[in-house]
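Visitor: Line by line, the protein sequences are chains Y and S.
Per the working numbering, numbering through the first sequence is continuous, rising by one, with the last residue being 325.
Per the working numbering, numbering through the second sequence is continuous, rising by one, with the last residue being 331.
Hints may contain errors.
[Claimed, not checked] List of simulated lysine-lysine pairs, DSSO-like, C-alpha gap at most 27 angstroms:
id: 1; chain 1: S; residue 1: K136; chain 2: Y; residue 2: K101
id: 2; chain 1: S; residue 1: K238; chain 2: Y; residue 2: K162
id: 3; chain 1: S; residue 1: K316; chain 2: Y; residue 2: K106
id: 4; chain 1: Y; residue 1: K299; chain 2: Y; residue 2: K317
id: 5; chain 1: Y; residue 1: K141; chain 2: Y; residue 2: K281
[Claimed, not checked] Coverage of chain Y stretches by chain S, computed from C-beta distances (three or more under 8 angstroms per stretch; other residues unrestricted):
id: 6; region: 100–110
id: 7; region: 185–195
id: 8; region: 219–225
It should be emphasised that the hints constitute simulated quantities derived from the structure, not laboratory data.
The beta carbon of each residue, even a glycine, is placed where N, CA and C say it ideally should be.
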Amino acid sequence: MKIIKTLFLSLLFIVCTPLSSSTHTYDTSLQEWQQTYLTAMSPEQLQFTANFLYLSYAIAIAEIKIRQFITPLSRLNHTIRTKVITYKDATDDIAMLKTLLDRLSYVAGARTIYMETLKVCLKYHNIQLIDNALVSIQYDAQKKLSAWTYEMLDETNNRLAKSSENFSLTGQYFQDISQLYNNMSKGILPIKLSKEQEQHKFLIIFDAIMRNNNELLMLAEQGIDTINETSDYAATLITVGAEIYKQYYSVMYEIITAPTFDKQYATTMFSMHDVLPKEYKSLLPDPHHVFEHMLQTTKLYTQTELL
Amino acid sequence: MTKKIILSTIFGLFSFFLIITQEQQNFPDFSKNICFKLCQAMSFQEQEIFANIVYLLYVNALLDATIDRYYAPLSHVTQQIRRNMTDFANPNDELAMAYCLLEDISAITKARLIYNTTLEECLNYYEQHKTETLDNALQALQINAQECLQKWAHEHSEHFTKSLKKSKTILSENAQNILVASNMLKGLSKGALPFNTTEENKRIAAINIVMKNNPIFMNHANNISNTLDETMDEAMNIIYIGVEIYRQYYEDIYAIITSSDQDSATILFDEYGLLPAEYRSSLPHVATVKEEIYKTTQQYSSSHV
Chain Y
19 MKIIKTLFLS LLFIVCTPLS SSTHTYDTSL QEWQQTYLTA MSPEQLQFTA NFLYLSYAIA
79 IAEIKIRQFI TPLSRLNHTI RTKVITYKDA TDDIAMLKTL LDRLSYVAGA RTIYMETLKV
139 CLKYHNIQLI DNALVSIQYD AQKKLSAWTY EMLDETNNRL AKSSENFSLT GQYFQDISQL
199 YNNMSKGILP IKLSKEQEQH KFLIIFDAIM RNNNELLMLA EQGIDTINET SDYAATLITV
259 GAEIYKQYYS VMYEIITAPT FDKQYATTMF SMHDVLPKEY KSLLPDPHHV FEHMLQTTKL
319 YTQTELL
Chain S
27 MTKKIILSTI FGLFSFFLII TQEQQNFPDF SKNICFKLCQ AMSFQEQEIF ANIVYLLYVN
87 ALLDATIDRY YAPLSHVTQQ IRRNMTDFAN PNDELAMAYC LLEDISAITK ARLIYNTTLE
147 ECLNYYEQHK TETLDNALQA LQINAQECLQ KWAHEHSEHF TKSLKKSKTI LSENAQNILV
207 ASNMLKGLSK GALPFNTTEE NKRIAAINIV MKNNPIFMNH ANNISNTLDE TMDEAMNIIY
267 IGVEIYRQYY EDIYAIITSS DQDSATILFD EYGLLPAEYR SSLPHVATVK EEIYKTTQQY
327 SSSHV
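In isolation and in its complexed conformation, chain Y is listed as follows:
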């Protein structure tokens, strides 16, 4: 089962690992996947597969949500600093950042819970049929992701080229600043000093550092923004990956909610600590309402457990 874990996480986060070994051909269409793997599964196996896909999809959603916080977090932090330094009122920005931290705490908590639950899930089963079904999803996803990257080829290349330019400018700026620091450490200033000022050179250097530091930090922040933007674009791959999980989970959901299916196998199976006792199991959520289900689940855990 361990290999599946690696492959599945790699679907979103380490896509290159299985690329070179993808020689084996698998059925890739959803219907064929259903036909090939699901019809042969017992209700218990279907339940496990559905739970696995639900958890994987939930983690991908949490990941997408968390990544949406990164850029605003950086920017607000810098805005607050700039406003405080320039004696502007930063109350609104501080309040906004606090709200952001509250929400981030909640989503990060949800991600922790679901990742722990997925670990429990991965320890639970070791059946070849399920493994094959999951590996098949892996390769299908890989093909779809690859197709998506080709569709986005021009856009990706343009963005990479733009990021390269920004990185180059940022790197150059900091080379220049490094040179400026080097000169100042030797007592050389970029401005001409009068005789009187020459006597107070070190005081002027202290002053120059204090006056210009925020501008320099802004340059560093621009560099961080560029990295975040590049990251955000690359992370759209996760969104595509999440959508693929959703499609497969939808297929599972249709099966487990069919009138003929025994509903005792249509429930969640795991908590972050162990297999759920029968009385704590609930019906697996509709694929369109997984995030709401995640929020409800997160609420059930106390703050102590999150921490």
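Take the given structure of chain Y and dock chain S to it, following the hints.
Guide: Same frame as chain Y, now just chain S:
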């Protein structure tokens, strides 16, 4: 005496030099006990205004220096949150810490807003009621403070030079790494990969490389940001010396105005101007200034702030 000159003691060091060249002959030498000499020439009313100005300058400098101590921790904790987010670690401890830091920054900036406005009101009042004695005294303090700062800057120049050299090396190394990253991205944009893979996997591999390497690029950018913070912290030591100088002046003036038999000197201003007599309280002892700041800030409702 303008507000700018007074504030320049801490906030605009360059304007000092203008004073030095123009005024040095008027204020040739001042001893350590400068405040005692200056106060001797003043009436009680002048001493009270003088004490209020120095008290407000001290409080403003103290609040500025206090806020400064929060920048680097907030920056570090934000970086750690970002790292935890991308490394699949739980950032809750760091989130709680960031929340606490923001609470503190919020409280201190509110206090600073109140005291900054109060200082403005005080200086406006002073502009309209200034006397030659007071004017000379404030300029004398300015010059004396400047001399202290210059002495300190010279004494610490070697240490600061070393710090600048260290920062220069870190900045240069990380800037170089960012330039390397730029070249890598340029290569990727043209379809060049650092390893062999099939044509159909090339694009997805390129995005994968970006996702894997961005945390490393982020570390370089964070290193730069942290180095700038560290250099700033070194330079900011001069601000703490400035705060200490103000504290010393205020302590001396407080000792003078509380040693005589005359009425006790009071806090004359709030953020709306001169306080009515019934709202005035005694100027605080230097050891209780922080409590006084806290008390004053608490008195203002959030709507005032």
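Visitor: State the violated hints by number, sorted upward, taking the hints as numbered earlier in the document.
Guide: none
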